[in-house]
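Peer 1: In case you want the letters, here they are:
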Amino acid sequence: MIDLPPYPPLDPSNYYLIVVGTGVSESVSAAAASSSGSSVLHLDPNPFYGSHFASLSLPDLTSFLHSNSVSPHPPPPSSPPILPSNSHELISVDLVHRSLYSSVEISSFDSEILEEHSRRFNVDLCGPRVVFCADESINLMLKSGANNYVEFKSIDASFVGDSSGELRNVPDSRAAIFKSKSLTLLEKNLLMKFFKLVQSQLAESDDTTTTTVKISEEDMESPFVDFLAKMRLPPNIKSIILYAIAMLDYDQDNMETCRHLLKTKEGIDRLALYIKSMGRFSNALGALIYPIYGQGELPQAFCRRAAVKGCIYVLRMPITALLLDKETGDYKGVRLASGQEIFSQKLILDPCINVGLESLSSLTDQQNETLRVLVPKAMINKEKIARGICVIRGSVKSDISNALIVYPPKSLFPEQLTAIRVLQLGSGVAVCPADMHVLYFSILCENDDQGIKALLSAMSNLIRLPVPESDSSVENDTCEAKPLLLWRALYVQELVKGEFGGTISSMPSADGSLNYKETVESAVKLYEQIMGSEELFKEEETSLENTTEENEGGVEIEEN
Amino acid sequence: MHGRPRKASKPEDEAASAAKAVKLRSLQSQFMTYHHEKIYTKEAIELSTKLLEINPEAYTAWNYRKLAVEDSLSRIESDPNSVKSILDEELRVVENALKQNFKSYGAWHHRKWVLSKGHSSTGNELKLLDKFQKLDPRNFHAWNYRRFVVELTNRSEQDELQYTDDMINNNFSNYSAWHNRSVLLSSLLANRVDGFIPEKKIPDEYEIVHQAIFTDPDDQSGWFYHLWLLAQTVNVESPLLTSSWPSHGSSVILSGAGCLIGSPFNVITFCSETGSVPLILYFDQAVGGVSSLTVTIDSELKGNENLVWEPISNKSSQVSCVWVARLKYLISEPCESKEYKVKVRLGNSPGIISSRGFNFSTPYEFVFTAHVHDTAKDSQERIVSWTDGFELWNAQSKDLNSLATSDQLNAGIDLKWRQAAIDSEIECFRLLADSKIGKLTLARLLMASEAMMSDAVVKGVHYEEILQLYNDLMALDSSHHHYYKDEHSVAFLHKVTSSSESLSRYLFRYRGMNNLVCLRLNKLSLSRIASVEKLLFVQMLDLSHNELHSTEGLEAMQLLSCLNLSHNRIRNFSALDSLRHVKQLKVLDVSHNHIGKHSVDTTRYLCSSPLSNSDWSQDDVRRQNPGLVTKYWDAYFVLRDLNLKQLDIAGNEIAGDEFNSFVLQVVPKLVWLNGQKPGN
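Protein chains in written order, with UniProt numbering: chain U, 1 to 560; chain R, 1 to 680.
Isolated chain U, as found in the complex (with noise of 0.2 Å):
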């Protein structure tokens, strides 16, 4: 790894809370905790913010993913891994690198260009993601004053592609509805009059008195899919509201291969989020936004915010063990890799951070029950997620630059499970380039092989590769529309959930999902856990300072 260079020894030595890891998850709870006063310590052991969620140069990218994938793992440290601490009362356990990612490939097919840029991108670990402008996120930066150090741009346009190639505009919104070219006159009259059914449901949550229609509780209950089928929906129209509105991934009308049946009321609760996200803020586009110089900037506005607040930073710094009462079994501090020992009452960590199963044998149960969450366990669940990024010349939709794509289950080819999303961003949110875009691919899988065969399709529908000059006449007419590749990336990751353990809590990883919602409310909920039932960031005064004035389709956010 990376050779570290000596460090000043911290000072204090002791805090309420140590976070390690920059996620998303983890920053948001660095900055809640500093907000209501407690003293943290912030760790990273990289040299950049937001971990798993950050975005990286190319060659940044590249060795992060190599680093932390299965295959090149270092072997586990020879020295014993229990040793006495330098205290007498503590005994201290070493602590093992978990790696996320697997069947990593990185390909380029230009170095040349793409050396001569290699700064100037921002790629996302995460991707495809985006923040709904109704997301909990955004709840979140608004309470807390993150707002301050991020700013948005509109995702221009969603699409709903299959194997044909061709991508049809999802129609979202009533303008979008009435532009569509690809829906039929009824199909628009009972797309609409679906809307104004999910918007009066809505509008009857908040105010009781009105005496609108509202759906049954008979009919909440069911499988969101056949509410559709009730409301004379025709198959296009159901596809594009269950994967390109209400972003599902499994099949709905795969009894076999669905692993969440969605019913009417979670789906009505999706529509709801993106209904709601179409009018929060004047200046958006649509629903979706996305932050510029890439999803990195999410955990590092956190970040940022506890350090106003007084939380001390320190990357680059791993952190080795952990230290334990050797009576008691309780959590008491860390051991930084510089050797120094830190003292804190709570400890929140990264999902890559776990204790070699060797080391457990020897502890006693009490300190056992402590190290709980951080046992590796034997995955119950195996989905996984399949990401890709590939960087292009040109765009796949010409006109526009930042784009949402949705292939459902089986538009690709039949033995697609799950739903394929792919988000084109281009230098409009300074990712990079100006000529190129960045895309991002995920897919829900159950093995690598299986992600990695369904992101492949999927690219081949959108990208042209490269082709040795020798064959290259053979499919050239087809093609010739098509964006070309330049660089790719293809890795597998693993799903982990966050748990809370007493006095240390692992944070989730990053999930399959496409906006921030789960992510956000899971590590809410985990903070309120570890510091009580405490209310996030309750006291904070949002600065309303208006600087929407011209900025070029930029999306401030603020409260309204």
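A couple of the hints might just be wrong.
[Unchecked claim] Chain R side only, calculated, beta carbon under 8 Å to chain U, not exhaustive:
(1) Asn169
(2) Phe172
(3) Gln211
(4) Ala212
(5) Phe214
(6) Thr215
(7) Pro217
(8) Leu431
Everything labelled a hint here was simulated from the structure, so no lab data went into it. Cβ coordinates follow ideal geometry from the N, Cα and C atoms, glycine included.
For chain U, the structure is supplied; the task is to place chain R on it using the hints.
Peer 2: Then chain R, alone, in the frame of chain U:
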């Protein structure tokens, strides 16, 4: 702005507005002093600026500023820079005032006034408008001003059309944008600008408005535009002659007053003591300029060289759909039965112009034969009965065709694209027929389709569906029941008159008087009269047991001599106003109505009232009985102008001895009142 709930004002707001009012009051009184003393100093002008920035509604202050501007312009003469700076200051004040209230009429008007001086750059105006229209895309002040600026800058109408496109794409619920679109298209189509030909553009527009209507049928803006498009599809620019009486190729028997023995069954017999017969021209839209110059008559009947054509309309305007002239046929010396050909020609010389300014441009002529008989002998005044003496018309008789043919209808119109557009609309709106507005639109489209059909085989196929749609609507939407009822009546009458066959079921001959042609449309729950243009030949009309409120439309039936309106819903004599034009009317039955409930017809927007009748000239009745004239003014004005011999009024609130005696004073020639000879 739209869709914002009104909030009750808070006490602190009220306090603030009270403080503002105090400040405003003192400003205003100071300002008025300046204004009255015509003081246009810098200080005085600044005060008006202050006033307007707080209250842009102070119209006097705007006018004061106009005077002040004129004053300072007159002093600096012709230095373009100072002129510009004076006017620029005005624009700045307006802009600030608009920021305060951007629906201020005074402010927008002032801006127009400054701009029309011609010294200001117009380039900024569209930018400013873009800003305002972003805030509220439907604001009609901004749209009005936009049209003004566009005209000033010669911006092309196509560019403006594109602008409405953009606005509609943003949010199609924008009446102003759709309206502007219709204004622009009307002009582009009328001027035949590149590619703007109705048969190409109108179908495109239908396609656009469908997207809005189907996406949100509850939004009215699209429907309004659709209605406008439908009008563009159906309406023809140049006026046409819909029908005439006598119709082309027909024969009429003309005689003096009384009963003509042995008048033939298959020809219309017309008797008149004045010795003249009405010629009726019925146009598809109101026209003016019908005169002996524009309509020529070739006939051996003497004394008809300079016929006087009269417009038949309730308003005293010089345009009407119906024009009548009285052709003289009884020359002083007695004559034997004689046959005359009469040829009527119109459109050969210009002059007949529609109220929208289009020329009657398709020349037309019709010829009929008049058999003139000597005065009949039998002139006994017998009572007309509505119960017997009727003989059903012979359905096979060909004569009916000659009575009821429409003349110039659809001649020379490019019907093909219009029919195609309507047909595709019908197909489209069958899909939306589960909503009220969808049903109504479908019914309107089907009516339009019927109106354009010229093929006798398929004509009339839609009427059953139309009637069913209106029946459904009456059941679904009770608040607009009367409208649907009226439309149902119209459709029903169109159906009745759509073919000779269907019409013949309601046609009779009344044996009592010269075999009068009688149309019996009784007991059909009609609430409105329509299709009169196809019924010009009717001499006797039975409309009893319906739901009529008024006789509007009947004025065109100039041959009508007997009319039965008993058991309807007529509420006053004003509702019979149109009958004043029917000079032949001798027999009127208005028994069992609601006459006397209201003397003013409150169900109509433009109703007759004592004040609307300017003709208060003195006559015997007024002199003898001013009290009764005031009391029964509505009856007085109608009955005075009629030539009735028989009147039935029983079963109305107004009926009674007092009213009966009043009627006899107003109509001294009356022979039968309520079935009895007066005085018996």
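Peer 1: Tell me the hint numbers this structure goes against, listed in increasing order.
Peer 2: none
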